[in-house]
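**Q** Protein sequence lines, in the order shown, are assigned to chains X and H. The opening residue of the first sequence carries number 1 in my numbering; numbering runs sequentially from there. The opening residue of the second sequence carries number 1001 in my numbering; numbering runs sequentially from there.
To be clear, the hints were calculated from the coordinates, so they are not data collected in a lab. Predicted model only: the values in this text are computed from it and were never measured. We put the beta carbon where it would ideally sit given N, CA and C, even for glycine. Only true hints are included.
Some but not every residue of chain X turned toward chain H, in silico, with C-beta under 10 Å:
no. : residue
1   : A394
2   : M408
3   : C439
4   : M606
5   : M608
6   : T641
7   : A649
8   : D651
Cut-off 16 Å, straight-line C-alpha distance, at most; resulting in silico cross-link-like pairs (EDC-like, lysine to aspartate or glutamate):
no. : chain 1 : residue 1 : chain 2 : residue 2
9   : X       : K449      : H       : E1296
10  : X       : K449      : H       : E1301
11  : H       : K1102     : X       : E385
12  : H       : K1102     : X       : E387
13  : H       : K1260     : X       : E609
14  : X       : K449      : X       : D415
15  : H       : K1293     : H       : D1313
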Amino acid sequence: MDELNTIFAATVTREILWNIPGWARALMYLLFLAAVALCLMGVARRVRYWRQGREAGEPVSLGKACRRLWRDAVLQVRIWRSGAAGLGHALVFWGFIVLFLGTCIVAVEDYGSWLLGREHLFFTGTFYLAVSFALEVFGIFFLLGLVVALSRRKSGGRLRPLSRPVDLAVLWLFLVIGLSGFATEGLRIAAAGGGLESHPFERWSFVGWWLATGLQGLDGNVLTTLHLGSWLGHMVLSMAFIALIPYCKLRHIFFAPVNIALREDRKAGRYLGVSMEEVEETGRYGAAVAADFTRRQLMSFDACTECARCQTVCPATATGKPLSPMKVVLDIAGSSGGGASLHGDEISPDVLWACTSCGACVEECPVYIDQLGAIVDLRRHLVAEGEIRGSAQAALRSVAAAGNPWGMPQEDRGDWADGLGVPTIDEVDSPELLFWIGCAGSYDRRSRKVTEAMVRILQAAGVRFAILGKGECCTGDPARRMGDEFTYNELAGANIESLSAASFERILTTCPHCFNAIRNEYPDLGGDYDVVHHSEFIEELIASGRLVLEDGAPVRGTLHDPCYLARQNDVVEAPRSVLRSTGLDVVEPEQSGKAGFCGGAGGGRMWMEEDTGERINSERWSQLEETEPETVAVGCPFCMTMMTDARDAVDSSVEVKDIAELVAERLPGSLT
Amino acid sequence: MADTLIIIQAMGNELSKSNLAAAGFGREAAAASGGAFDILLLGPSASGLSAAAAGLGGGTVFTMSSTELEVYTAEAFAAAAAAFLADHPYRLVAAATSSATKEYFPRLAALLDVPMASDVLKVESVDPQKVILTRAVFVGNLLATVELEAPQALATCRSSEFEPQTPGGETSTVEPVEMPAGLASSGKTFVGIEAASSDRPDLKEADIIVSVGRGTRGPDEGIPLCERLADVLGAALGATRAVVDAGWLANEFQIGQTGKIVAPEVYVAIGLSGSIQHLAGMRTSKTIVAINKDPEAPIFEVADLGLVADLFDAVPELTAALESRGG
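Just chain H, same shape as in the assembly (with noise of 0.2 Å):
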């Protein structure tokens, strides 16, 4: 009998590896109350998922999906399940921390009226009095046990912690669940979504990344300039937080202690002085190249190739060179 039901957002066509890690705590979780574990695919991908799910070990994998689930809101996800489990009595029901999760899985608990714990990091022991499980508190310094004594308990789990399944061949069932309708109508409506179009790579998943600082002088005068360079590298562009508070651009472009940490294989910091702050979140490039008029500048201490020169004059060059090239 499965005590244990794991939660994944059935979004795009595969399972993410912190959801695979999901079914790994599922395992543990049915290891340690000596029973089995289930899976439920919430969303637009549920059936095209199934297939993949059913070889994570479960016994049996639910899916629903419906309008309501197509994009995500909490509301819509924490109703949904809230609406599964008043017909599926699950012990222990867990899902991978993620931005969804910290947001829908305390509603849930709210909804169930049932005891929660976040970012588990190790299951204990799970019994029809209580579950005890993991977490990190402190930052980190020390290790929490928690026990949750209700007859049904919630979970949200780290997925660096715990096994990713490799969905082998298909041995759950695969039952398809109806959503009741009208269920997500919270007052709140889902209008659209705005994603910041760029052609250019994700910061944190490019090989070369463009960076500038105050030295450009804003998106009047030499951001342009760098943009262009990194289309010609296929780079992606970042910046200092300077640049960011100016409101040159846009926070998701920062890069340093305060913003995002990065290590691409190249680095081409472009105006920027090299603060501490900004050091923090790149030093770990395989590559640093550095422009900028002040040879004093401690960006050149750390950088492997540096060019003591006027960006206003180099930049250009530099595109105009490697166009050239690539033309």
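Same shape as in the complex, but just chain X (with noise of 0.2 Å):
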């Protein structure tokens, strides 16, 4: 038995590099040394590219570069958030690592028997035949998963990769290799040591042996030659493959592992901060050339794998504008470095204005590039630059001379308010509530009626509220999107001047931009308080009770989600929950919740022309209509203005409402 098992175990192997010629075996080497030199001279490039960057930001743990390597780099979560894509990718992915690690072991078993001068290391027996076995159903994975790719090239849809010349190169290339493997793997089971009688056990290489059975008829020296053949194609390609890597988007194989674990820990919503005294100091505001970036940002952008799935979900790429998030990235990756100026034809300020920041680029991102950091920073070397003109410049101006973007008397801030009944923060004793009203809440006509409708939900659930009044002014959001780090500063400490000097448990605001700046952002400037946003307050003042409403019709309605609330600050729950408690029966449009739509207003463009393109209110308006609503609900007030001019523009008959307008129709006593 034994004496059985040991003839088994010494006959079930293969050959390996059998019927390759000692020439093409010194090619193979030679090819092979060449590639690896190219891949790492082409990788010490990129991280001396990367190197001129600043040193900047907290090193991550351990433990967390892990996990995160774990969840999107292994199991590829972020990828998979798009069905097909994340198959095709996974197939292949894992296809790859698979057969990567055959040809790893096919290696170790080739130089470690010859080092210690054994016929066989492993490569025997069971473990051949198990081994053999996994290369085929991965390789079939692999063909698979390409088959996905391109099919996805071919058919419509929304997430539709690219098809340019460098992305269908790619896939065919690992095509080749992967049938051209098979070719020659079946082409040796045919010719080898006399045919498939010789070596039955090959069965276990079920592709290779079909292959075979298939090429049975031909004469041996056929297909030895075949052979070869295929094996050299197999070879040089691949050996092309890894010169490649470091040189066009293939890179991300390496890079985006790498920008996966060790990625800034950072909310799209909570902007790095420039003072003043680092200007003084540095002389660099904004990012002019790529050594104003940050090395980790740097990195970033060589993690782009070219998906193209940023650019698929910008509602400025979807409506004509000149701005493509990946065509940033890959413009600042593809810069020369040292003093040249990343500005110009390619990133020019028809580009970066056109960004609304609304963040789903980052959003959608699989390998967390932060694309949207990028297009601040070079519009913060804009702003420095005096690129910023015509009415974004006088809505800079108007919220630092002002305090709001309108250029509003100051004055008149507290004057919605009058007969209302609501008290200033210096009338009420530590009320709970401190209500932010916002610029817009207080000024414009069409959001003050929101404002007051949030007011008498809150005098109905008998909640102690107050305002700041006067003492409030802009958040700087505006400033601050728009690149403008020093108005932002400004305000922002006012701000916390005063609301450091008042004593309230929370702040309440119906301004997603308020919420997401005093919320993520005045921390950093030493401004910590407990903010929630309108929706989030009134779902928790039905939820305990303290606020009942009366019941009404149903009306079917949709919810047009504010960026900086469900996207940047993960409210996508309580806005939906306050709907259905007014009887208002959500439809959800196509893209919501944190993949939802901009409706065209964020970073700064509420004050800037749309005039290339569709418009993307109006965009965002069919979006919409497409649920069929009687009502839109918006919880913002820009979105507000957004989607009523959309509206209006088509002569709708839609309500467009605020949630709190909503709810304020409910309460008791309010149906008529």
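Put the complex together from the two separate chains, hints included.
**A** As structure tokens, then:
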């Protein structure tokens, strides 16, 4: 029995590099050395490129890096969010990994047995069969994944990937490598050792075996010649692949895991600040050249897979603006570095000002590139250079001079509250809530109605609240999104001073932009507050029984998610739950929640002309109309303006109302 | 010895305020360098304006006009100025910030291969090695001191920051210069200007503005009614962004945050609700009159006189009443 096992173990294997003459082996080693050298040179060049960047940010702990790699490099959770892409990439990825391991096993066996002077090391018997079988299975996965990737490029669909020559070339390169691998195997099984009968165990290599049975009739010489040809093709293309990795989008194989593991831990709604002192010290403000980015940012741009998801979800790209977040990333990564300016025909002011700062690109990127952060850094440079003009500049000036973007008098800020019985903070001793009104809620006649509705809700629920009145000014959000850190710092500083002098438990606001700034960005300037959006607060009031709404006839409606609420701050369920309480039957549009489509007013776009392409708000409006709503609910004063304008432009009779207004309509005694 | 040259675009029949301020810049620069300044009048009215320019305190007033300078093109003006400067090497060459100098001064800087600072607020120093100027950056949040280290430098100056010189007695000598022929052959030919012709006053200068919103339902319905009213009042026509977006009126009519900002004596808002974007462009008007059928329209909150009515009835009636009174 032992003897049989020994014989069996000795025979169940294959001759590595069978039928490969010395010259071809020499060629393989030469090409391998050349490929690895080219690959390493390419990687070294990229690393040198990153190293010109600034050092900034906290290091990532090993445990965290491992958890991130597990989730997003191994399980690829973010890629799976789009099913077909997830499937295609997972098949190629796992196929690739196992085939690569298989090649490593063969190499270790070959050199190991040679070094130790043994005929075989471990690549025999059951292990040989198991590995052979696994390689067949994963080889098929690899090919299937490529077929998925190619067919996604043929079919339409919203998340359709790019089909430039380079994209197709990469897929076909893989496809030919995979197919030639199988062909080489089939030819070997058919020709080696006098044919199939000599090694029946090769049935485990079922694809190769199947090919071999088809090739059986051919002459032995023809088979060996074909085998050598197929092997050469497989080998040369594989070496070409290795050499190419750092020079094209394939570099994500190396750099995406690095970025996944080492990326900065920061919400897209929290920008990194620049202080006046820093600017005076370094003379640097924003990004003019590659070296103005951090090393981590420069590294992250190399993680780009060119999957184009960011530009597919970008409202600017979707409506024909010159901005593509992917192209910005690639243009930066492709710049020559050193003193070469990043700004020019490719990254033009029109490109940068087209961004609504909605963060859809950041949310969608499978490898965690922060396109928005890069765009803001580039915008800062434009602001420094005076490349901000017209109405955007006027709004910035108004924000800086008057404390609100419309240049309305600060004196009038609290006017809306006249006769409503709303106390200011100095009139109430430690109220439960400080109601932060915001500029739109204070001055914009339409948004004032929302403010007033919210006041009625608070009064009905018996909440002790107060407002800052004239002590409030713009949070600085528009200035910051437009790249003007100084105005932001000034306004935020003034507000933090007012807020810190007051005593209250929480801040309530109906504006997601104010909400985001106070919640995520004020802590960086020393202002730490508990802030809620009105949808969350109303949800709490209803849940605790403090607010009771009257039942009414159900209305079919939909919700336009504010980017700064849903995407940047994960508040997705609260507005829906509140709307359901008001009797609104919420029908979701295709793009909703964290994947919502921007209304077009963020990032300072509220104050800029939109004269290229389609209007973002009109595009969003037509998406919302597909749900056939009677009411479109919004939770943001800017969304209110954009959606109302878009509705009026098509003379629709659908109502656009804020969540607070819909709730106030259901307050006891409000229904008529 | 004059070391500063002020270039003035000589169009029309009087020197604009910004050009008088540019002479103020010249005076400051001359004081800083301990020298004097000259003026170059460039354009069709060069000789006509030379008498006035001669009273601005400069040393010499050069005049240059030719067929190529008859109408403004950046190519011709940059080429003419470069040709002049080839024979007259000034230390500092400046002009008032304007849409024209924004276009042709950078070209001139490139042609001469010299540094330039735009929209300068103050002259710090002028010496043979470098010129030091102050300009605003970060949307006016910071003042940057710019050093132009070159034997020759260019600048445009913000007119509000310099004392406009009042033309006094003629003290400068006037010297006509020939423009070398064929300079402006840039492949670009001037074809003509098609100015939007309107008998109505310009929005920025009008005492009365009749402004229309979406409620007018377009150029085939309410807008002609409002235009007639505007004509009777001698008013300019304005519009909201929605009207311009809908393509009912051209961009130049837009009033509001992203359009023109106006403050006439009387602002008649017809069929517009008064979004904050619009209010930001007109709220400082002396008297605001609003006609809207929606009594809830926010425009009524800023209006001094409000009429809740269908504009299709009210506007013709108002026009007829004004006509009968006028006639």
